[in-house]
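Peer 1: Dock chain B with the ligand against chain A, hints included.
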Amino acid sequence: MQELMQNNNEDDQGAFDLWLKGDTKGFSTLYEKYKNRVFGFLIRMTGNREIAEDLLQETFFAALRNADQFDRGRSFLSWLFGIAHKRTIDYFRHVKVESEHKEDAENAVGSRIDRPDKELSNKNIQAIVRDAVAELDPLQREVFLLREMAGVPFKEIAVIMNCPINTALGRMRLALKNIRKELKKRGIDGV
Amino acid sequence: MACNLWEEMGLLYSSGELNEQEGETFAAHIRQCSECTYEWETYQHEREHLFSIDILGDTPSATCDAEILRVCSEGRQRVTHLSIISLFLKKSAISLALFLIGFTVVGYLVFRADLSEEPKTAAGTGKETETPAQPATPVTEAAMNKQHDILADSIQHDSVNFANRRGNIDLKGVYPVDLQNK
Ligand SMILES: [Zn+2]
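Each protein sequence line maps, in turn, to chains A and B.
Just so you know, the working numbering puts the end of the first sequence at 191, numbered straight through with nothing missing.
Just so you know, the working numbering puts the end of the second sequence at 182, numbered straight through with nothing missing.
If we strip away everything but chain A, and leave its shape as in the complex, we get:
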């Protein structure tokens, strides 16, 4: 698994160098590879599609602008998510919408619990999982998304979030526990 990660990293760095030299293909390779992961992360963190698109643009523009600061010892993926993380923090710092989102999510969950679904279609499962993720504490949600959606290793998550690795692991365990609790309420069991 580690060898696979290393090859992947080398491919990314090659594409990144091409991009810096002005080769369009270098950028489109990286963009196509990571845009959905970064966008998915941003949309689940902000809860707003339009804001997530703005932050996605800012993330890629900032990546190009700060290319000199790219540490070749790290993976491009982790570095890119580090930028996306900072953009998200800036967003929450300037617009204090977090509590509103939490309130919205609480209302949504409240109404959901009142009327349990009889049939769980794929679409329902998607919605339930997304709601369960949206319900998480922001720090747990970020670790969970970085790991499960973006595929960032815990060591890198700790660097991105500026915390000890054990803190990142603890947040992940809590995130899983809370998601499972929420899914169980709606009749979805892990196994």
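Since the hints were derived computationally from the structure, they do not count as laboratory data.
Treat the hints loosely; a few may be bogus.
Claimed, not checked - Partner residues aside, some chain A positions facing chain B, computed with beta carbon under 7 Å:
| id | residue |
| --- | --- |
| 1 | N36 |
| 2 | G40 |
| 3 | I43 |
| 4 | Q57 |
| 5 | F60 |
| 6 | L64 |
| 7 | M149 |
| 8 | P153 |
| 9 | F154 |
| 10 | M172 |
Virtual Cβ for every residue (Gly too), placed ideally from N, Cα, C.
Peer 2: Then chain B with the ligand, alone, in the frame of chain A:
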């Protein structure tokens, strides 16, 4: 939970972050520990069926894609200048427009207020005056007449008051109170 090895190593094992020896040891442990087997299988199932990119991810709009591809494909030089400016302009266009409208309106009102105050300051006494010195116009004449009437009323009122208190020959033998006992 009797075994706490999953808590310590399970997640790092899943993410491939244990070194080779630790990984092998933990894999051997999972095979013989029912609790860790359950945790491992549950997590793998969730990752495969619930925490997939299809469920957690999303796709940016074609417009967003096109804008990022256009700007970033043009290379570093461009993104450092134009794209940042255009992103800034896009985001601040509405607030900038509102600010300019507000600024113009307030500026106009302040300008008008200054114009109307100019003669007063030109009179230059620096003291508060009830009526500013102005050329004779129907309006100021009326104001002066009114002031004259008020003054006349006041004098009249004072004399009646005095008469009531101190006596007056016109009031036919009504003596002042303080003279009555003398
Ligand atoms: Zn065990």
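Peer 1: Each of the hints needs a verdict: does it hold here or not?
Peer 2: Each hint, compared with the structure:
The beta carbon of N36(A) is positioned within 7 Å of a beta carbon in chain B (closest approach about 5 Å), and the interface hint is therefore held. A least Cβ separation of about 3 Å between G40(A) and chain B falls short of the 7 Å threshold, and the interface hint therefore holds. The restraint placing I43(A) at the interface with chain B holds, with a minimum CB-CB distance near 5 Å, inside the 7 Å limit. The criterion of a C-beta within 7 Å of any C-beta in chain B is met by Q57(A), whose closest approach is roughly 6 Å, and the hint holds.
With a cut of 7 Å, the hint placing F60(A) at the interface with chain B holds, because the nearest CB-to-CB distance is about 5 Å. Given hint, L64(A) at the interface with chain B, holds; its Cβ is 4 Å from that chain's nearest Cβ, closer than 7 Å. The interface hint given for M149(A) is met, as the beta carbon of that residue sits about 4 Å from the closest beta carbon of chain B, less than 7 Å. For P153(A), the suggested interface contact is upheld, since its CB lies about 5 Å from the closest CB of chain B, less than 7 Å.
For F154(A), the interface hint holds, the least distance from its beta-carbon to any beta-carbon of chain B being 6 Å, beneath 7 Å. Checking M172(A) against chain B: minimum C-beta separation of about 6 Å stays under 7 Å; hint holds.
In terms of the numbered hints stated before, the structure departs from none.
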